[in-house]
Structure formats: C-alpha cells, structure tokens
Amino acid sequence: MHSKTIEIWVGLFVALGLAAMFLLAMKVSNLSEFETGGEGYKIIARFQNVGSLRSRAAVSMGGVRIGRVSSVSFDKSTYEAVVEMRIDGKYDTLPSDTSASILTAGLLGEQYVGLTPGGSEDYLGEGGQIELTQSALVLEEVISRFLFNKAEGDGKSEGKSDGAKGK
Amino acid sequence: MNSVLKPFQILGESALVSLRKLGRANLFMLHVATGFPGILARPRLLAAQMYSVGVLSVLLILISGLFVGMVLGLQGYYVLTDFGAEESLGVMVAASLVRELGPVVTALLFAGRAGSALTAEIGLMKATEQLSGMEMMAVDPVKRIIAPRFFAGLVSMPLLAAVFSLVGVLGGYFVGVGLLGVDEGAFRSQMQAKIDFDEDIVNGVIKSLVFGAIVTWIAVFEGYDSVPTSEGVSRATTRSVVYAAFAVLGWDFVLTALMFGKD
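Each protein sequence line maps, in turn, to chains Z and F. Okay, so the first sequence: first residue is 3 according to this note's numbering, each after it adds one. Okay, so the second sequence: first residue is 2 according to this note's numbering, each after it adds one.
Rather than coming from a laboratory, the hints here were simulated on the basis of the structure.
Below, simulated DSBU-like cross-link-like pairs (lysine-lysine); rule was C-alpha separation at most 30 Å, straight line:
#: 1; chain 1: Z; residue 1: Lys44; chain 2: F; residue 2: Lys195
#: 2; chain 1: Z; residue 1: Lys92; chain 2: Z; residue 2: Lys44
#: 3; chain 1: F; residue 1: Lys195; chain 2: Z; residue 2: Lys92
#: 4; chain 1: F; residue 1: Lys144; chain 2: Z; residue 2: Lys6
#: 5; chain 1: Z; residue 1: Lys29; chain 2: F; residue 2: Lys195
Bound-form chain Z, shown alone (with noise of 0.2 Å):
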C-alpha cells in the first residue's frame, strides 16, 4: 500500500516533468511552427545587400509571416547576396513577378525579407527566383549619404557667398 502511494507520486512526477518539456517545445520554442508548416517550397532571391539579414528571419508578405529564410550566402561569380527561402506549402499562389525588399521590424529590431505581389498569372514553384530585389537599408549608408549631401550643401553656399565677395 505504502509503495503504491509512492510509485503514483514518482507517475505523476514523471507526467508533470515531461508535460513541461512537452509544453516548452511547444509553446515557448518554436518547434509547432515546423508541425503546421509542413514541408513548403524554396524560392531564391539575389540581393545587392542583405545587411545583417540572418537564417531563420521572417518572410513575410502584407506583414504575415508565410516562410523563413533558411540560408544566406555569397555567390563569387556575381558578387551578390543569395537568399533562399522556404515558403510555407499553403501560400502556394505567389506571382512570379513577386519582388523583395530587406525591411527592419522597427527602429532597432531584427531583419525579414518582405514580400510584394507583383500581377503575374503565373506563379513561383519550388526553386523559383524572385527577380525584383530590393537592398537593405544600411543605416551607415544613410547617414554618410544624408551627411555628404549636407556637406556639399554647405560647400556650395559658401561657394556662392565667395563669389559674391569677389564680384
């Protein structure tokens, strides 16, 4: 009798332990999005720049999430970024004029690739390109560009100003 107590105590121990594992796969880690995603399709887009776009970043179209990027890397021939993503089987009616940007999740968050329907009838398939890419905004680039516009502004300004002295 006294054992038996014990030996349901160490059942339900055991039960609880392992609903928790069960529980952390599922609701904190991210395990149940590769159970309802299935397999999906690959499609590859050649980027410029993909800034500090990672594997397992978003892909996302009208802000849904529909696949995730699963490899970033280089092509020496073309000096271009190779992104390849795994789009979700149930998204299967992408146009194939489809064109991607490399947008940030607010100021300082992480990168995704977005995804804009282009009016094609036909539609992308396993390994299908997407040809319109569209480069991440590299905040260095911004700034030197915003600065230099600024500087050649005040170049020009000061430009005049000595003209008009010398007339």
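Got chain Z sorted already, so can you dock chain F onto it with the hints?
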C-alpha cells in the same frame, strides 16, 4: 635543506591525495554504472529513490522557478524599456531560463535539497556499518544502495529543470503582461520566433542531464567515501554541496561555450 623542500612536499602530497580521490571517484562511477541492469530488474528501488530525490524537490523547484521568472520579468522590463524594446521581454525571460538559469539554478537547488541528503544518508549508513553489513551478506552495497540513488538523480534533474523553466516563463509572463502591461501577443510571438527547439530547448535538456549526473555523482561518492564518524559525515555533506556547486558552474561555462559558441 629540509625546510626548503617542505612546501614542495606538502604541495605534492595534496596533489597526490586529490588525484587519488579523483581516481577513486572514477572507479566508483564505473562500479555504479555496472548496477544499471540491476535497476531495470528492480524498478521499485528506483521509484522509491525518485520519490525522495525528485518528488520531494518539486515544491522547492516550483516556488524558486516562479520567483526567478518574476524577478527576470521585472529587471528585464526596466532595462528593455529604456530602449523601447519591452516587447522582447518574452525572449529575454525564456532564453535566459531555458538556456542557463533553468538547468543551473535547478542543479544548485538540487545539490542543496537532494544531494546533501544523499551524502548524509549514505555517510550515516557507512558510519553505522550498514554498508559493511550488506557486504557480509554478499549483497553489493554499490549496486543495491548507490546505483538506484544515482540513476534516480540522473532521471529527476531534467524533469525538475523543465518544470523550473516552464514555471519561470509563466512567472515572467504574469509580471510582464499582467503587472507591467507588456503586449501579450508580442510577448508570446517574439518568444516563439526566437527560441529555437534544437538550439535552446534540447541544449537545455542536455545541460540538465549533465548537471544531474555531476551533482548526484559527487553526492553519492562523498557519502560513500566519507570518514565514518559523525564529524566525517558532516564534512562530507558540506563538501558535497560545495563541490557540486563549483562543478556545475564550471561545467556550465564549458557546455555553453561548446553549444552556443559557434555563431
């Protein structure tokens, strides 16, 4: 001449003593491992030990996990809100719990709650000559007494660590979403997007399994190796907890470097 060499002699002696103890601990572990088939033949022994090692630790783990998660939620919120990133609270709480705090804090609590009890129990058995009594009856005390305790600890630790992490995430959720008003959807979706099953959950389970082995090994060995007097048992109990804490923290660094050092 003699006084010059004396410090070296002391150093050498203590080094040899430590090495000898390490060797004994390893041989002892091999002996315990040979008791594994006996456990399968008598699962009742394992169940009884899992009760005292695992079931009785659950309440402690639940309460500590809840409070650790709640503190993480509070502290994380105050830091993240400076950067306007309080939506990332879920990621922060869950990642730190699943990767580090779950296995490590559970192992430290486990060493204090279960490890010390194991050492004291085995040490007292040795001091009252119950272990030699078993040998007299041709029962191997390592297989009969030590092995069930070791494997019970090994099985219980990952389960306790999982409970700790889950309760901690819930605690962080209550504080973050319930108390501080972080958006519920952002908390959950960012957490699920960032916590990877293979990288985080599985590595956390591996860590807790390793820590379980380390803590229980140290506990049963210190008990078995203790000087069979009341003072010897009390020293062995202290050593068991202290060594287990050191070993867990040291191995945590090694495991983290191996698991997360790649990228």
